[in-house]
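Asker: If you read the sequences in order, they're chains A and B.
All letters in the first sequence, in the order written, are residues 1 to 181 by my numbering.
All letters in the second sequence, in the order written, are residues 1 to 307 by my numbering.
Just so you know, these hints were derived from the structure itself, not from any lab.
Check before you lean on any hint, since a few could be wrong.
[Unchecked claim] Listing some non-contacts, in silico: residues in chain A with all C-beta distances to chain B over 10 Å:
no., residue
1, D63
2, D83
3, R85
4, F89
5, E129
6, S132
7, R156
8, K157
[What the hints assert, rightly or not] Partial list, computed: chain A residues near chain B (C-beta under 10 Å):
no., residue
9, A13
10, L53
11, R57
12, G64
13, T120
14, I123
15, V153
16, R174
Using N, Cα and C, we set each Cβ at its ideal position, and we do this for glycine too.
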Amino acid sequence: MIGPGFNSVLDAAKTGADWAWSALYNDLSGQVLGYLRAHGAREPEDRLGDVFLQLARNISSFDGDEGAFRSWVFMIAHHRVIDERRRLFRRHEHPTDDNLDSVAEPAPSAEDEAGSNLSTDEIHEMLQELSSAQRDVLTLRIIAGLTVPEISVILRKRPGAVKALQRRGLDALRRKLSVPL
Amino acid sequence: MSTLNGNDGEMEHFDEILEDAEPGTPLGDAVAQLRTPATVNESTASNHIAAALGAVRLGPTHDRASRRYRWRRRTVFGTALTAIATKVLAASVALAAVTGGVGVVANSAAPGDPLYGVDTFMEKVGLMNGGTQERLEEAERLIIRNRVSEGLELAGNAIGALRDGYEPAAAALEQAALQAQTKTQTSEQYRADATEMLRTMTRQMEEKQINLVNETAEQLRVTTRQMLNQPESIDDTSTTCVGCGTPSTTCADCTPSTTCVGCSDQGSGSGDGHHGGDDTGGSDNSGGNTGGDTGGDTSGGNGGGGH
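Could you build all of it, start to finish, from the sequences and the hints given here?
Answerer: Quick look at the structure:
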């Protein structure tokens with residue numbers, strides 16, 4: 001989070017100020033990249049670049065606080081994920097979600113473990129085994145840190161449905177975690 | 001488990017589920033691990049930032065038609081405005097002719113320069129524009145010349161003189177100036193960021209966005225503090241201007257005239273020989289400067305920026 005200085009950063013970013021874009025990028029890129037990897041994006045770094053490019057193209061029309069901005073950023077990231085899902089589907093390369101894990105980016109740099117004996121990649125693989133709707137909700141909730149109302153806007157689902165998906169997704173994840181690999 | 005921004009009732013169920021996902025439990029650890037931001041390598045980051053900057057400066061790509069429409073509508077008033085602007089311009093040209101060359105040159109002087117007294121005098125008489133905006137431009141020039149503390153102080157004083165709710169900005173800049181007092185050498189990235197922030201503040205002041213000015217000043221203070229916390233010798237590769245001994249990475253200070261602005265009292269040194277090893281120094285720096293990928297003028301710096 002950038003915090004109280006966010007409005008100034010946003011204002012400067014709209015005019016193309018170098019420092020402001022560095023601040024936005026440093027604040028958000030790690031989470032967006034984590035989000036893209038959790039969805040098994042094939043070229044997560046490239047997709048991250050796409051997200052920021054689109055942000056830059058449309059930032060002049062954005063108006064709102066930092067919470068709304070983060071929500072917008074992850075909406076763009078979510079759309080990139082959906083684009084990729086559709087593209088793969090059209091090419092019949094990976095017709096179901098469940099096959100995505102076989103092409104999941106190995107992401108060797110993400111070995112930083114937060115005390116768990118599972119690697120981030122292994123957790124991402126578990127996420128691939130959830131339904132895409134559950135995965136959407138859990139990643140937006142946990143990685144992006146968005147609220148249920150924000151997610152319901154991005155996913156175009158009712159808040160009640162988002163909460164149900166969240167519960168089922170977490171339950172499924174817990175079950176998978178309790179089974180040794 | 002409260003890093004998620006809570007939204008009252010909406011959150012209850014989620015936290016309930018996470019209660020038994022305390023750190024130490026498999027789910028708790030997995031959640032914590034997912035929340036750890038991924039690391040983006042530096043060259044990828046600077047490429048992305050450079051691309052974003054390019055896109056912002058080009059403006060929105062879609063919506064061309066509507067923009068053209070707006071422009072056409074504006075031109076009706078535009079012609080009237082242009083006519084007025086032309087008159088104003090003509091008047092200022094006439095004024096410049098009266099005040100003569102000295103004033104024009106003096107107007108771009110910074111504190112410490114021989115002509116600076118002339119500059120401020122003419123402003124007092126009311127001949128050159130002066131005012132906060134020009135003080136901020138002078139502050140920029142000082143910072144570019146590595147006189148960071150003086151630059152920040154000048155900017156702080158200029159903004160403080162306005163009152164009108166700009167006090168927090170003045171205080172922030174003053175504090176930054178105090179902190180920067182010991183620093184005689186700064187990274188090029190910092191100088192670029194700091195001058196750009198001053199420019200941002202100038203624009204925000206023109207738009208009377210008082211809160212934004214205060215926030216930008218605060219950001220500048222934070223950036224300055226971060227710069228100070230970085231280890232010394234950032235500018236190892238810098239060349240030293242033989243004329244004045246001022247460390248200078250780009251030597252932008254000194255081109256194209258034969259006189260180094262940093263030390264104009266040294267007078268007209270012979271053009272090329274002015275810098276210590278101008279050629280080698282120059283190319284060294286441009287190479288060390290994150291390989292300048294289509295960066296253009298300001299985007300050469302990398303994303304690091306010490307955040």
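Asker: Which of the listed hints are not met by the structure?
Answerer: 12, 15
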